[in-house]
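With these hints in hand, go ahead and build the complete structure from the sequences.
Protein chains in written order, with the numbering used here: chain A, 8 to 119; chain B, 41 to 151.
Hints listed in this document are in silico derivations from the structure and should not be mistaken for laboratory results.
Don't be surprised by glycine CBs; every beta carbon is placed ideally from N, CA and C.
One or more hints might be untrue.
To be verified - According to the in silico footprint, chain A covers these stretches of chain B (three or more CB under 8 Å from chain A): (1) 57-66; (2) 94-105; (3) 111-124.
As the list claims (entries may be wrong) - The list that follows gives simulated cross-link-like pairs (lysine to aspartate or glutamate, EDC-like), each with its CA atoms no further than 20 Å apart: (4) K57(A) with D40(A); (5) K83(B) with E80(A); (6) K104(B) with D8(A); (7) K57(A) with D140(B).
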Amino acid sequence: DVVMTQTPPSLSVAIGQSVSISCKSSQSLVASDKNTYLNWLLQSPGRSPKRLIYQVSKLDSGVPDRFSGSGSEKDFTLKISRVEAEDLGVYYCLQGTHLPRTFGGGTKLELK
Amino acid sequence: QVQLKESGPGLVQPSQTLSLTCTVSGFSLTSNSVSWVRQPPGKGLEWMGAIWSGGSTDYNSALKSRLSISRDTSKSQVFLKMNSLQTEDTAIYFCTRGADWGQGVMVTVSS
Chain A
8 DVVMTQTPPS LSVAIGQSVS ISCKSSQSLV ASDKNTYLNW LLQSPGRSPK
58 RLIYQVSKLD SGVPDRFSGS GSEKDFTLKI SRVEAEDLGV YYCLQGTHLP
108 RTFGGGTKLE LK
Chain B
41 QVQLKESGPG LVQPSQTLSL TCTVSGFSLT SNSVSWVRQP PGKGLEWMGA
91 IWSGGSTDYN SALKSRLSIS RDTSKSQVFL KMNSLQTEDT AIYFCTRGAD
141 WGQGVMVTVS S
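Listed below in structure tokens is the structure:
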């Protein structure tokens, strides 16, 4: 199975600060169709996960452009510019290239 | 409007079988895949398996021997059945279409 390693496991931020979360995979996530299926999700406290980004850098509908995704092959980054209170929660990366699908361990974004 | 809603028993006895239903609306199961994901209390997310638009299935290798996913397209429902439940199967169980997630159902395995 593909292992997804997220760092850091937690982040303490002030509102308005910018942060980055890393996700590294044990195998390349480039699929046979040349697309890279790497997603980012946010789980706010007590809520279901919500997908923010798919295929490395494409924002889901309604997701603020403060969120951006980048990376390739095995190394990916989620950046949040100007963190707002609604951004707090646990972020997960999820690879959709290989079976079984696998999640990163999560990064908890907390208020400083 | 896309919706997914999980339903099933909140409490299951050890060694028994868990049966959950995901009822979807706003999209067709014949052109979308649905996955099941679970989350033990205070822990991360685990992909359990999926049923693809064509009806084939794939499972997490750690659960494959105990897990079955099926569907009834006429009722827009996806089913999860997992046998030989143990306390470590206590979790919130979600169904998801990728961009869209259900609210989840909490399942406790206890006698």
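Here is what the structure says about each hint:
Counting residues of the segment 57-66 of chain B whose C-beta lies closer than 8 Å to any C-beta of chain A gives 0; at least three are required, and the coverage claim is violated. With 4 residues having a beta carbon nearer than 8 Å to a beta carbon of chain A, the segment 94-105 of chain B meets the requirement of three or more and the stated coverage holds. Proximity of the segment 111-124 of chain B to chain A, defined as three or more residues with a beta carbon under 8 Å from a beta carbon of that chain, is not established by the 0 residues found. Between K57(A) and D40(A), the direct Cα distance comes to roughly 26 Å. Violation of the 20 Å bound is thereby established for this hinted pair.
Distance check on the hinted pair: K83(B) and E80(A) sit about 27 Å apart at the alpha-carbon level, beyond 20 Å; violated. With a CA separation close to 14 Å, the supplied pair K104(B) and D8(A) stays within the 20 Å bound. Restraint check for K57(A) and D140(B): satisfied, since their Cα atoms lie roughly 7 Å apart, inside the 20 Å limit.
Of the numbered hints stated above, those contradicted by the structure are hints 1, 3, 4, 5, listed in ascending order.
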